[in-house]
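S.K.: What follows is the residue order along each chain.
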Amino acid sequence: MDAKTFDSKSLLDSLFENGILFESGVDGLYGRSGAFEDVIERFERLVTRLGAPDKATRIHFPPGMSRATLEKSGYMKSFPQLAGCVHSFMGGEREHAQLLGMMADGGDWTELQKATDLALTPAACYPLYPTIAARGPVPAQGLLFELSSYCFRHEPSKDPARMQLFRMREFVKIGTAEQVRSFRESWLKRGRAMIESLDLPCEVDLANDPFFGRGGRMMANNQRDQGLKFELLIPVTSIEKPTACLSFNYHQDHFGQTWGLKFADGEFCHSACVGFGLERVALALFRHHGPDAEAWPAAVRDVLWGV
Amino acid sequence: MIDQIRSLLEQHPMIPLNFGALADDANLYDAGLTSFASVQMMLALEEEFDIEFPETMLTRRTFSSLASIADAVSQLTRKAA
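These protein sequence lines are chains A and B, in that order.
In this note's numbering, each residue's number is its place in the first sequence (first place is 1) plus 2.
In this note's numbering, each residue's number is its place in the second sequence (first place is 1) plus 1226.
The following block holds chain A by itself, in its conformation from the complex (with noise of 0.2 Å):
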């Protein structure tokens, strides 16, 4: 980790051959040592602490959900490219020798599986939206979830900080517009704060989602218009190209329209939430303070082994 070469090769490179991820075979979805799971989770901890005030209920859901509500959240109509079913055989004995035979002559026996109900979570804050829409009105005074989950997107790279499997941690406010815009600018400032703690460069900059297709450009040129989306950005495989670790969105009342999110007197609640990209934040860290944890500089183990 040449503090002077920012590219994604050598970085993934120098990251197998430090024994910190390891290959699979797969672009984008590596093993990960224990001195790199330790990092994740003490940068767990930290985000757990600096949001702690809030009193945000956790929940935990697993890397899969429900595909009718990932069908039903709109995701087909924006992400397309990004997204996975979960597929699997149901065949019956017929099948399944057919299935071998075209395994055995290099064939695509997919074709024998169907769609289960699963998809893949592409972000942590997917499931929660139906989930917390089935309990009834939301109270005047908003709700706040802490959420963390695996996720996936398909978008196979070179680049260690585009991982096809990662983890997420998220801060998700619903509530009036006014509410969860003002957990958003909390979040940008403490973001920042909690970033520089950790002795790495980062800048705050206006982003836009990777929308599909020419329709997807108009989405992402209103989506900027409306200063909906804000990444911070951490110089991980590029100086140039710095990558988003921290994500802030205000989602407007999308997800209150589409799962029916309101108040007791009927009016549709706004949401926002703010992502950490896991995987990001430690590759940042590795990136910029070397392959040895303990070797790091005291000020930023005392942030993140300290307490």
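Hints may contain errors.
So the derived list for chain A, only partly shown, Cβ under 8 Å to chain B, looks like this [claimed, not checked]:
1) K79
2) G217
3) M220
4) N223
5) N224
6) D227
The hints are simulated quantities; they were obtained by calculation from the structure and are not laboratory data.
A quick note: this is a predicted structure, and the numbers were derived from the prediction, not measured.
We treat Cβ as the ideally placed atom computed from N, Cα and C, and that holds for glycine.
Position chain B relative to chain A; hints supplied.
M.R.: Coordinates of chain B only, in the frame set by chain A:
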């Protein structure tokens, strides 16, 4: 042209706005147009008028009212002619 656009959009199943009741310069987003519906609108207009909106026109402003849509469409059809 505005009337042609109005009746095209009114018939679109994925754009649930009452275009018949909206003035030419009424703000469509204020009337409830979502980002996703505005994309459907863009695609329907391209098909109807055999045009392609350049990226610089794929903005919230272009699709903010029937009048501004008509303006954009007529620019593009003029270019094509």
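S.K.: All hints, please: hold or fail.
M.R.: Comparing the hints with the structure gives:
Interface restraint check: K79(A) against chain B, minimum CB-CB distance 5 Å, threshold 8 Å, status holds. Of the supplied interface hints, the one on G217(A) holds, with its beta-carbon coming within about 4 Å of a beta-carbon of chain B, less than 8 Å. Annotation: M220(A) was flagged as interfacial toward chain B, and the flag holds, the nearest CB pair being 4 Å apart, inside 8 Å. At about 5 Å, the closest approach between the beta carbon of N223(A) and any beta carbon in chain B falls short of 8 Å, and the interface hint on this residue holds.
The restraint placing N224(A) at the interface with chain B holds, with a minimum CB-CB distance near 5 Å, inside the 8 Å limit. With a least beta-carbon distance of about 5 Å to chain B, the hint placing D227(A) at the interface is held under the 8 Å criterion.
Against the hints set out earlier in the document, no violation occurs for any number.
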